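All chains, full assembly: derive it from the sequences and hints.
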Amino acid sequence: MSTTTTQTVAQESQSVPQATTLKLRSESSEQKDSEASQEYRYVHLLPAFSQERYPPLTPFDHVDPGSRALAHANPRAFLDNATSIIELTPNLGTEVHGIDLLSLDSDGRDQLALEVARRGLMVFIDQQAFIDAGPESYLEWGRHFGRLHIHPTSGHPANYPEIHLVYKDENKSFNFERDDSITTSLWHSDVSYELQPPGITTFFLLAQPKTGGDTLFTSQVSTLKKLSPQFVAFLRTLKAVHSGVEQAEFSRSGKRGGVVRREPVEHVHPVVRRHPVTGEEALYVNRQFTRRIVGLKREESGKFTIQN
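Take my numbering: the final residue in the sequence shown is number 462, and no numbers are missing along the way.
Hints in this document: simulated from the structure, not taken from any laboratory. Accuracy of the hints is not assured; some may be wrong.
Cβ pair distances, simulated, as ranges [stated by the list, open to error]: (1) S407 to V197: 22 to 32 angstroms; (2) S204 to S291: 14 to 24 angstroms; (3) S257 to F388: 43 to 53 angstroms; (4) H342 to P430: 14 to 24 angstroms.
Since this is a predicted model, take the numbers as computed values, not measurements. Ideal Cβ placement from N, Cα and C applies to all residues, glycine included.
In C-alpha coordinates form, the structure reads like this:
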(Lines of atoms letter the chains of each structure in order from A and count residues from 1; the text may use other names and numbers.)
(Lines give C-alpha, C1' and ligand atoms only; values in the text may rest on other atoms or scores of the structure.)
Protein backbone atom coordinates (compact mmCIF):
# COMPACT_ATOMS: atom_id res chain seq x y z
CA MET A 1 0.00 0.00 0.00
CA SER A 2 1.23 3.47 -0.68
CA THR A 3 0.24 7.05 -0.25
CA THR A 4 1.48 9.18 -3.07
CA THR A 5 2.48 12.72 -2.24
CA THR A 6 2.89 14.22 -5.62
CA GLN A 7 3.08 17.21 -7.89
CA THR A 8 -0.36 16.44 -9.26
CA VAL A 9 -3.56 17.95 -7.97
CA ALA A 10 -6.19 16.20 -5.87
CA GLN A 11 -9.56 17.27 -7.22
CA GLU A 12 -12.83 17.43 -5.36
CA SER A 13 -15.07 14.57 -6.37
CA GLN A 14 -17.76 15.23 -8.95
CA SER A 15 -19.77 12.11 -8.40
CA VAL A 16 -21.74 10.64 -11.30
CA PRO A 17 -24.70 8.46 -10.25
CA GLN A 18 -24.41 4.94 -11.57
CA ALA A 19 -27.45 3.11 -12.86
CA THR A 20 -25.86 -0.31 -12.46
CA THR A 21 -23.35 -1.89 -10.13
CA LEU A 22 -20.51 -3.91 -11.61
CA LYS A 23 -20.33 -7.31 -9.90
CA LEU A 24 -16.67 -8.23 -9.89
CA ARG A 25 -16.74 -11.53 -8.05
CA SER A 26 -18.89 -14.55 -7.47
CA GLU A 27 -20.73 -14.95 -4.17
CA SER A 28 -18.39 -17.78 -3.16
CA SER A 29 -15.38 -15.56 -3.83
CA GLU A 30 -16.95 -12.71 -1.87
CA GLN A 31 -17.67 -15.10 1.00
CA LYS A 32 -14.04 -16.23 1.06
CA ASP A 33 -12.89 -12.62 1.10
CA SER A 34 -15.28 -11.83 3.94
CA GLU A 35 -14.01 -14.74 6.01
CA ALA A 36 -10.39 -13.83 5.33
CA SER A 37 -10.95 -10.16 6.11
CA GLN A 38 -12.25 -11.01 9.58
CA GLU A 39 -8.75 -12.21 10.45
CA TYR A 40 -6.94 -9.35 8.71
CA ARG A 41 -5.69 -6.50 10.87
CA TYR A 42 -6.16 -3.83 8.21
CA VAL A 43 -9.69 -4.56 7.04
CA HIS A 44 -10.43 -0.82 7.03
CA LEU A 45 -7.70 -0.36 4.41
CA LEU A 46 -8.80 -3.07 1.97
CA PRO A 47 -9.29 -1.82 -1.60
CA ALA A 48 -12.62 -0.49 -2.79
CA PHE A 49 -13.35 0.28 -6.43
CA SER A 50 -15.85 3.08 -6.12
CA GLN A 51 -17.45 4.57 -9.21
CA GLU A 52 -16.81 8.26 -8.51
CA ARG A 53 -15.72 10.44 -11.42
CA TYR A 54 -13.27 13.33 -11.47
CA PRO A 55 -12.63 16.15 -13.95
CA PRO A 56 -9.29 16.47 -15.77
CA LEU A 57 -6.33 17.54 -13.66
CA THR A 58 -5.35 21.20 -13.96
CA PRO A 59 -1.81 22.62 -13.82
CA PHE A 60 -0.63 24.14 -10.54
CA ASP A 61 2.43 25.82 -9.07
CA HIS A 62 4.64 23.61 -6.95
CA VAL A 63 7.81 24.20 -4.93
CA ASP A 64 9.71 21.08 -3.94
CA PRO A 65 9.94 21.13 -0.11
CA GLY A 66 13.52 19.92 -0.35
CA SER A 67 14.48 23.35 -1.67
CA ARG A 68 13.57 24.89 1.70
CA ALA A 69 15.97 22.54 3.48
CA LEU A 70 18.88 23.91 1.44
CA ALA A 71 18.73 27.03 3.62
CA HIS A 72 18.98 25.06 6.88
CA ALA A 73 22.26 25.16 8.82
CA ASN A 74 22.24 21.34 8.87
CA PRO A 75 20.00 19.91 6.13
CA ARG A 76 20.43 16.41 7.59
CA ALA A 77 19.51 17.32 11.17
CA PHE A 78 16.45 15.07 11.04
CA LEU A 79 18.85 12.10 11.06
CA ASP A 80 20.75 13.21 14.20
CA ASN A 81 18.93 10.72 16.44
CA ALA A 82 19.17 7.77 14.06
CA THR A 83 20.68 4.66 15.61
CA SER A 84 21.88 3.32 12.27
CA ILE A 85 22.23 4.73 8.74
CA ILE A 86 23.18 2.29 5.99
CA GLU A 87 23.77 3.13 2.34
CA LEU A 88 22.12 0.24 0.49
CA THR A 89 24.09 0.96 -2.68
CA PRO A 90 26.58 3.71 -3.53
CA ASN A 91 24.12 5.51 -5.80
CA LEU A 92 20.65 4.62 -4.56
CA GLY A 93 18.95 3.92 -1.26
CA THR A 94 19.57 4.61 2.42
CA GLU A 95 18.25 2.47 5.28
CA VAL A 96 17.53 4.34 8.52
CA HIS A 97 16.89 2.93 12.00
CA GLY A 98 15.73 4.83 15.08
CA ILE A 99 13.74 7.65 13.46
CA ASP A 100 10.00 7.96 14.04
CA LEU A 101 8.54 9.60 10.92
CA LEU A 102 5.50 10.84 12.85
CA SER A 103 7.77 12.89 15.11
CA LEU A 104 9.26 14.93 12.26
CA ASP A 105 8.25 18.59 12.30
CA SER A 106 7.93 20.77 9.20
CA ASP A 107 11.68 21.37 8.96
CA GLY A 108 12.36 17.66 9.40
CA ARG A 109 9.99 16.79 6.58
CA ASP A 110 11.65 19.35 4.32
CA GLN A 111 15.03 17.79 5.15
CA LEU A 112 13.62 14.35 4.38
CA ALA A 113 12.48 15.59 0.97
CA LEU A 114 15.98 16.87 0.26
CA GLU A 115 17.58 13.58 1.34
CA VAL A 116 15.14 11.65 -0.87
CA ALA A 117 16.11 13.89 -3.77
CA ARG A 118 19.78 13.19 -3.16
CA ARG A 119 19.57 9.45 -2.45
CA GLY A 120 16.54 8.53 -4.57
CA LEU A 121 15.15 6.15 -1.94
CA MET A 122 14.95 6.27 1.86
CA VAL A 123 13.91 3.18 3.85
CA PHE A 124 12.78 3.79 7.43
CA ILE A 125 12.60 0.67 9.61
CA ASP A 126 9.99 0.04 12.36
CA GLN A 127 7.27 2.55 11.48
CA GLN A 128 4.31 0.79 13.08
CA ALA A 129 3.21 4.02 14.76
CA PHE A 130 3.00 5.66 11.34
CA ILE A 131 0.89 2.80 9.98
CA ASP A 132 -1.39 2.69 13.02
CA ALA A 133 -2.04 6.44 12.80
CA GLY A 134 -4.50 5.74 9.99
CA PRO A 135 -5.67 7.34 6.74
CA GLU A 136 -6.26 10.88 8.00
CA SER A 137 -2.68 10.96 9.27
CA TYR A 138 -1.41 9.61 5.94
CA LEU A 139 -3.11 12.47 4.11
CA GLU A 140 -1.79 15.10 6.51
CA TRP A 141 1.70 13.68 6.04
CA GLY A 142 1.41 13.68 2.28
CA ARG A 143 0.05 17.20 1.92
CA HIS A 144 3.27 18.60 3.36
CA PHE A 145 5.11 17.47 0.23
CA GLY A 146 2.55 18.55 -2.36
CA ARG A 147 -1.01 18.20 -3.52
CA LEU A 148 -2.17 14.60 -3.50
CA HIS A 149 -2.82 12.46 -6.55
CA ILE A 150 -5.90 10.31 -7.07
CA HIS A 151 -5.18 7.29 -9.23
CA PRO A 152 -7.68 6.89 -12.09
CA THR A 153 -8.10 3.09 -11.92
CA SER A 154 -6.65 1.50 -8.79
CA GLY A 155 -8.35 0.43 -5.57
CA HIS A 156 -8.28 2.62 -2.49
CA PRO A 157 -9.58 2.41 1.08
CA ALA A 158 -13.23 3.43 1.27
CA ASN A 159 -13.54 7.24 1.32
CA TYR A 160 -9.80 7.79 0.82
CA PRO A 161 -9.16 7.97 -2.94
CA GLU A 162 -5.77 9.67 -2.45
CA ILE A 163 -4.34 6.43 -1.00
CA HIS A 164 -3.17 4.01 -3.67
CA LEU A 165 -3.25 0.32 -2.72
CA VAL A 166 -0.98 -2.45 -3.95
CA TYR A 167 -2.89 -5.54 -2.87
CA LYS A 168 -3.14 -9.26 -3.58
CA ASP A 169 -4.77 -12.15 -1.76
CA GLU A 170 -5.16 -15.90 -2.25
CA ASN A 171 -8.16 -15.34 -4.51
CA LYS A 172 -7.99 -14.11 -8.09
CA SER A 173 -9.95 -10.91 -7.57
CA PHE A 174 -6.95 -8.59 -7.49
CA ASN A 175 -4.38 -10.68 -9.35
CA PHE A 176 -5.33 -9.10 -12.65
CA GLU A 177 -1.80 -9.00 -14.09
CA ARG A 178 -1.66 -12.79 -14.33
CA ASP A 179 -4.37 -12.92 -16.97
CA ASP A 180 -2.06 -12.07 -19.87
CA SER A 181 1.48 -12.20 -18.47
CA ILE A 182 3.82 -14.78 -16.99
CA THR A 183 5.11 -12.28 -14.43
CA THR A 184 3.76 -9.43 -12.34
CA SER A 185 7.09 -7.61 -12.50
CA LEU A 186 6.90 -4.42 -14.55
CA TRP A 187 9.33 -1.52 -14.49
CA HIS A 188 7.59 1.84 -14.41
CA SER A 189 7.67 5.38 -13.10
CA ASP A 190 4.42 6.21 -11.32
CA VAL A 191 1.73 7.73 -13.59
CA SER A 192 4.31 9.39 -15.84
CA TYR A 193 1.48 10.13 -18.27
CA GLU A 194 0.30 13.00 -16.04
CA LEU A 195 1.32 16.54 -16.96
CA GLN A 196 2.89 16.92 -13.50
CA PRO A 197 3.90 13.43 -12.33
CA PRO A 198 4.56 12.55 -8.66
CA GLY A 199 7.47 14.19 -6.90
CA ILE A 200 7.58 12.00 -3.76
CA THR A 201 5.88 8.70 -2.97
CA THR A 202 5.46 7.35 0.56
CA PHE A 203 5.28 3.57 0.25
CA PHE A 204 4.69 1.49 3.37
CA LEU A 205 4.12 -2.19 4.04
CA LEU A 206 1.09 -3.45 5.94
CA ALA A 207 1.45 -7.20 5.43
CA GLN A 208 3.55 -9.47 3.27
CA PRO A 209 3.99 -13.16 2.40
CA LYS A 210 6.86 -15.17 3.85
CA THR A 211 8.62 -15.01 0.49
CA GLY A 212 8.19 -12.97 -2.67
CA GLY A 213 6.33 -9.74 -3.16
CA ASP A 214 9.53 -7.71 -3.39
CA THR A 215 9.56 -4.15 -4.71
CA LEU A 216 12.65 -3.23 -6.72
CA PHE A 217 13.98 0.26 -7.34
CA THR A 218 16.43 1.57 -9.91
CA SER A 219 18.19 4.90 -10.38
CA GLN A 220 17.62 6.64 -13.68
CA VAL A 221 20.26 9.15 -12.59
CA SER A 222 22.88 6.40 -12.46
CA THR A 223 21.60 4.89 -15.70
CA LEU A 224 22.11 8.15 -17.53
CA LYS A 225 25.62 8.58 -16.13
CA LYS A 226 26.64 5.20 -17.57
CA LEU A 227 25.79 6.22 -21.13
CA SER A 228 28.35 7.75 -23.47
CA PRO A 229 28.47 11.58 -23.55
CA GLN A 230 27.58 11.68 -27.24
CA PHE A 231 24.50 9.53 -26.70
CA VAL A 232 23.39 11.58 -23.68
CA ALA A 233 23.73 14.74 -25.76
CA PHE A 234 21.37 13.20 -28.32
CA LEU A 235 18.90 12.09 -25.63
CA ARG A 236 18.72 15.65 -24.30
CA THR A 237 17.21 16.72 -27.62
CA LEU A 238 14.35 14.20 -27.43
CA LYS A 239 10.83 14.23 -26.03
CA ALA A 240 8.61 11.22 -25.41
CA VAL A 241 4.86 10.60 -25.32
CA HIS A 242 3.60 9.01 -22.07
CA SER A 243 0.10 7.55 -22.18
CA GLY A 244 -2.49 6.42 -19.64
CA VAL A 245 -4.88 5.14 -22.32
CA GLU A 246 -3.84 1.49 -22.17
CA GLN A 247 -4.13 1.43 -18.38
CA ALA A 248 -7.65 2.86 -18.56
CA GLU A 249 -8.76 0.46 -21.28
CA PHE A 250 -7.38 -2.44 -19.25
CA SER A 251 -9.62 -1.39 -16.38
CA ARG A 252 -12.62 -0.80 -18.63
CA SER A 253 -12.30 -4.38 -19.86
CA GLY A 254 -13.44 -5.49 -16.40
CA LYS A 255 -10.05 -6.04 -14.82
CA ARG A 256 -8.48 -4.10 -11.97
CA GLY A 257 -11.90 -3.25 -10.56
CA GLY A 258 -13.36 -2.04 -13.85
CA VAL A 259 -13.34 1.66 -12.97
CA VAL A 260 -11.94 4.71 -14.73
CA ARG A 261 -12.39 7.71 -12.46
CA ARG A 262 -10.77 10.21 -14.80
CA GLU A 263 -10.46 10.04 -18.57
CA PRO A 264 -6.97 8.94 -19.65
CA VAL A 265 -4.45 11.46 -20.89
CA GLU A 266 -1.23 11.56 -22.88
CA HIS A 267 1.52 14.08 -22.23
CA VAL A 268 4.95 14.79 -23.68
CA HIS A 269 7.97 14.88 -21.35
CA PRO A 270 11.71 15.34 -21.98
CA VAL A 271 13.61 12.07 -22.29
CA VAL A 272 16.18 13.61 -19.95
CA ARG A 273 14.82 15.72 -17.10
CA ARG A 274 16.56 17.71 -14.37
CA HIS A 275 15.67 17.60 -10.67
CA PRO A 276 14.55 21.06 -9.49
CA VAL A 277 16.50 20.83 -6.20
CA THR A 278 19.65 18.80 -6.86
CA GLY A 279 20.05 19.77 -10.50
CA GLU A 280 20.83 16.15 -11.38
CA GLU A 281 19.76 14.83 -14.75
CA ALA A 282 17.83 11.57 -15.04
CA LEU A 283 16.54 9.39 -17.85
CA TYR A 284 12.76 9.62 -18.02
CA VAL A 285 11.29 6.77 -20.05
CA ASN A 286 9.62 3.58 -18.81
CA ARG A 287 8.20 0.49 -20.42
CA GLN A 288 4.71 0.77 -18.96
CA PHE A 289 3.74 4.28 -20.02
CA THR A 290 6.24 5.62 -22.58
CA ARG A 291 4.78 5.00 -26.03
CA ARG A 292 6.99 6.73 -28.57
CA ILE A 293 9.72 9.29 -29.11
CA VAL A 294 8.49 12.43 -30.81
CA GLY A 295 9.94 12.82 -34.30
CA LEU A 296 11.41 9.31 -34.60
CA LYS A 297 10.14 6.48 -36.77
CA ARG A 298 8.51 3.51 -35.06
CA GLU A 299 11.53 1.23 -35.23
CA GLU A 300 13.84 3.97 -33.99
CA SER A 301 11.48 4.93 -31.20
CA GLY A 302 11.11 1.31 -30.09
CA LYS A 303 14.76 1.15 -29.11
CA PHE A 304 14.03 3.68 -26.38
CA THR A 305 10.52 2.77 -25.28
CA ILE A 306 10.62 -1.05 -25.33
CA GLN A 307 14.18 -1.96 -24.42
CA ASN A 308 14.60 0.52 -21.57
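> Are there hints from earlier that the structure breaks, and if so, what are their numbers?
Replying inline: Checked against the structure, no hint fails, so every one of them is satisfied.
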